[in-house]
Amino acid sequence: MSTFIKLLARNRLAIFGAAVLGVIILLIVVTPLLPLPDPDATATADRFKRPFSDGFILGTDHLGRDLLSRLLWGTQLSLAVGLAAALIAGTVGAAIGIVAGYFGGRIDNVIMRAIDMLMAFPYILLALAIVAALGPGLLNALYAVAAVNIPFFARNVRGVTVSIAHKEFVDAARLSGMGHIRILTTEILPNVLPVVIIAMSTTIGWMILETAGLSFLGLGSQPPQADLGSMLGEARAALITAPHTSIVPGMMILLIVMSVNLLGDGVRDALDPRLRSGALSRPMAATLVRRDETPPEEAETEAVLSLENLQTRFEVGSRIYRAVGGVSLAINPGECVGLIGESGSGKSVTALSVMGLVASPPGIITGGAVRLNGQDLIGAPYRRLRALRGDRVAYIFQDPLSTLHPLYRVGDQLTEAIRVHHRISRDAAHERAVKLLEDVRIPNARARIRSYPHELSGGMRQRVAIAMALANEPEVIIADEPTTALDVTVQAQILKLLDDLRRDRGVSILFITHDFGVVGQLCDRVAVMYAGRIVEEGTTAEVLDAPAHPYTKRLIACVPELGAGRRELHAIPGLPPAVDQLPHGCAFAPRCHKATGLCATSEIELTGTGRKVRCILPEEDVA
Amino acid sequence: MGGYILKRLVSAVPVLLGITVIVFAIMSLIPGDPATAILGSYATPENVEKLNRDLGLDKPLVQQYFIWIGNMLQGDFGRSFALNRPVLDEVLDRFSATLVLAGAAFILCAVLGIIAGVISAARQYGWADRAITVAVILGISIPSFFLGMMMILFFAVRLKWLPVSGMYAIYGGGDLPDLLRHLAMPAIALSLVATGVVARLSRAAMLEVLRQDFIRTARAKGVGEGRVIWGHALRAAMVSIIPVLGIQAGFVLSGAVYIEIVFQWPGVGRMLVDAILKRDLLLVQGGVVFVAACYVFFNIVVDVAQSLLDPRIRT
Amino acid sequence: MSLALETRDLTKTFDVGKRLMRPPKAQVHAVHPTSLNVENGETLGIVGESGCGKSTLARMLVGLLPPTSGTIEIEGLSGGSSPADFGRVIQYVFQDPVSSLNPRKTIRQILEAPLIHLHGMGRTERSARIDEIFDSVSLRPEFLDRYPHEFSGGQAQRIGIARALAANARILVLDEPVSALDVSVQAQVLNLLADLKDELGLTYLFISHDLAVVEAVSDRVAVLYFGAVVEEGRAENIFASPRHPYTRLLAESAPVVGRPIGGQAQGELPDPMNPPPGCAFASRCPRATDICRTDRPELRPIEGDQRAACHHPLDP
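Chains as they are written, first to last, in the UniProt record's numbering: chain A, 1 to 623; chain B, 1 to 315; chain C, 1 to 316.
To be clear, the hints were calculated from the coordinates, so they are not data collected in a lab.
Don't take every hint at face value.
Here are the computed distance ranges between Cβ atoms for each label pair [as the list claims (entries may be wrong)]:
# : chain 1 : residue 1 : chain 2 : residue 2 : range
1 : C       : PRO260    : A       : THR185    : 53 to 61 angstroms
2 : B       : ASN84     : A       : ARG12     : 58 to 66 angstroms
3 : A       : ARG12     : B       : ARG312    : 39 to 47 angstroms
Think of the CB as a built atom: it goes at the ideal place given N, C-alpha and C, for glycine as much as any other residue.
Just chain A, with the same shape it has in the complex:
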């Protein structure tokens, strides 16, 4: 609740809305106390007085009634009616939605068909029909507006309820012996409530508009009673001769609705957890770069791709997550280098930093260089980066279902990859795409090229993604956990394919994974990451057979190996540190059984040539 207020207070537009609304509410609260004339007292002699004349602050209307008095009383009425309509629609709609969404099946089916039926009307037709049946009147208009908006709430809430009802904690509650009513009220409702509040706060303004509209048409409040809509409706006849009688209530409606909308949007944003974490911001075309020192643009390297002290961080609010804290790594031509680590170790962020694909905001590259054949990519202008992406350095990502565009045929996605870099005809690109699909061993490639991603299995989709990465014969492929989302038998197929392809084509691979088994089978060299840094590096055989860093050694021991039968497993006590509060010195020291006071006092360097370790008490001598 306090974070909610804090977030709301940070939103300037919402504060403005709240202030305007506050003034209006204050005015209508004190209205009965103000020395105002009777809003309904007619005085034909005083017709159409201009504002600020003869003691009428806002002038008078066509019957000589005081506009200020009518405005304030009318505002009171309009606000009350709008609020009541929103409450009724929200409560009834939410109740229907929760029941339909939770119970599902036939109940859901019947309710939702009825809702669809109501939504098949343009809403005003339904409102008009209801008013026609009940007769004109403010209360009837309120019912009509509420009834017309029930389907909107019901549908919205049902959607959310369905997603919550399928969460595992609801199953857990059932197994805890809770009944339906209790689950609905204690498990579902508290999670749906924010959505209902959001929907209500963003629609109150709309409801006020709608009731005002019905009154404007003469179907809402009846003379002499004034609400804002009927004031405007009555003033319309004299629009040209006495515009102030229209402008006064019209501006008031505008002010109320606008302030309610601004406040409602503020409430929505403050309640939406995604906005809080900045997750709803749009990632830019390339990661922001903010380096204190600019390394030379060119350097001599043997490696095709080399990372030099690369640093990438995420800035969320006042927190700084140092996801990559100075990573140096070289990949030689034709080499496959594994980058292994647990979740949160920064391995994926390292991989994405290479071509500026870290989502930014919140990601920022704050230091170091990434060199492709010696040329720095971090400082490169976007145009150059774009020209190299997919052409010289290609990516394969984890989950092929979400990484392929769902609405384009796989063939179109493949030809696009070729045609953004090469001026060739559509037909030639198509032929090349077929060839690529055959290369990744997709049976019946010529027919499959017309498929959409959802029509393919996970393994086939990942083959398409690999074909796409190969499209322009890149020098380096960066594979970010390409088999993690796949089943083990399919994973073996994909690994075999990658291994064959890289040997045939001599392409270099940076392979990101958390699986030692995969590294052992595929990679020439391996680097182990922990808390944003490389802690050990060497040839695969050296690192796996004789790990030098205590973390590597103990991590390998944690992995159960097939064929050893039933046994006790090794664990590493504690948790990896959060990268926004890294300990001093070695990040692994708090979990390390060998740690001494020295480990936590100063920065520990990655030492050695070829075979490297970041530890002052290594398990193996690497010098």
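On the provided structure of chain A, position chains B and C as indicated by the hints.
Chains B and C alone, transformed into the frame defined by chain A:
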């Protein structure tokens, strides 16, 4: 594809039936009998009874419903007593005028709303985004009927650029330029709220899509930013924008009622309000069913457009 | 040894394309008739790839999903029992530790639910019991009044285990309990589970896609493919000398350091809407003959208590 269209058309039948049931049920809630309303309160009981019999109102409700449906299927929507003319003729005349107004407003709101939403998302937190956000807030907060009145005051009365009201000039009008001059203000006033809503939802949809993995894939392939935004991202965002357009079409049709009154546009909305105030119930009933049915068919078009865009729906 | 749980011809069929009045368009057999026995104090491992029906099977065992046909026998429970009846004898530990905890309840409220609704405990009794359980999963008592989002995956999974223990059930179904966790934390949770089992004399059904983990924790293992058990046997034998070609494929596909990439280049699961008439694995199987494509093999004893559903079982 043909199969999908056919399936959607067939599924519209129960919806249409449901609409007639709802309308009929609401109308039968009306206290008093239409005959008294038609003949006035001074009518003799014999005359009332005779008229009730002529109108079939002495029969049970269910039977009345089926008679009404049967007649409508034959194109007989009954007769408007206030206008003394067949309901269907009146509705068709008026609906064509509404279609011109609402159609123009709908196209405006779809095109401008999507463009504004995409630009706003692509330049998130930039000045264009801020300007559009403020404009959208104003747009969805201003009552269309008030906006219409202010436009009349300013553009017609003060600047005398455009005609105050009506669909055609009374003397010498009737051609397309004349229609467009009359259409400009009401169409813009009508589209404003919907444009705001479309812009805001397009922005949200674009922001959602731009975070997706397949956008990163497109960038990783080296696709240029223009194509990423207006191609990959907008296409995926359209999946959630198109249903919004369908709903907005209903809002535009609804808003037309106010605009038609403000601008004296001879459309079906104004006809309905007049009919309600005169208690011309057959005209209300027929008009509501007709417009609702048109809306149902429009939504089928929306669904078909959606399925053309999204291959996952078709299967 | 006495049986803790027994299923006989347990089946689950899902309707696809439900319609209001008419029968559904198609049916998918998520679980084919399955008979399993689990003895008291035993850990039965269930392995299989995605879509093999292992989660559907698990949800039926705890009463979250009514079976289409067949019976489950757990201490006298029958098909008509409510989840609460099941809850007292069998509990579930979910795969995703975070989504299995209601984000708007404190840990204490979450742990109290089974004590109140299954056992009707009073306030003081509850408090004592919760402290005891919390201690047994090695969590600090001050965590009790925090909300789920404040915990890491490994801690949240301990809380999930604590909730299952609170119900005081003798049998736990562990549905991929460690696959959302990193390896260094995974072992912590697995070892905790092993300790609890010894202390409390529990019976486990351990479901996972990770063969090595299953082998390390189980007494017996059942291998599921396409909704049916294709092989069953002692944990130490089943992957060391598989009799069903699918089990062998699984074992060879698992990446192991120092072994060339194994498995086979082609072949994936059949279409569940269009299941083949014979053995579901026939299209991928190097040993398949005509009979495999027409007749579905039954699960039958091969050697000792190792059973396989195969017309042409492998030699050891």
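We went through each hint and held it up to the structure:
Taking the beta carbon of each, PRO260 (chain C) and THR185 (chain A) are about 58 angstroms apart, inside 53 to 61 angstroms as hinted. A hinted range of 58 to 66 angstroms for the beta carbons of ASN84 (chain B) and ARG12 (chain A) is consistent with their spacing of about 60 angstroms. ARG12 (chain A) and ARG312 (chain B) have their C-beta atoms about 41 angstroms apart, which keeps the hinted 39 to 47 angstroms range intact.
Hint compliance for this structure: every hint is met.
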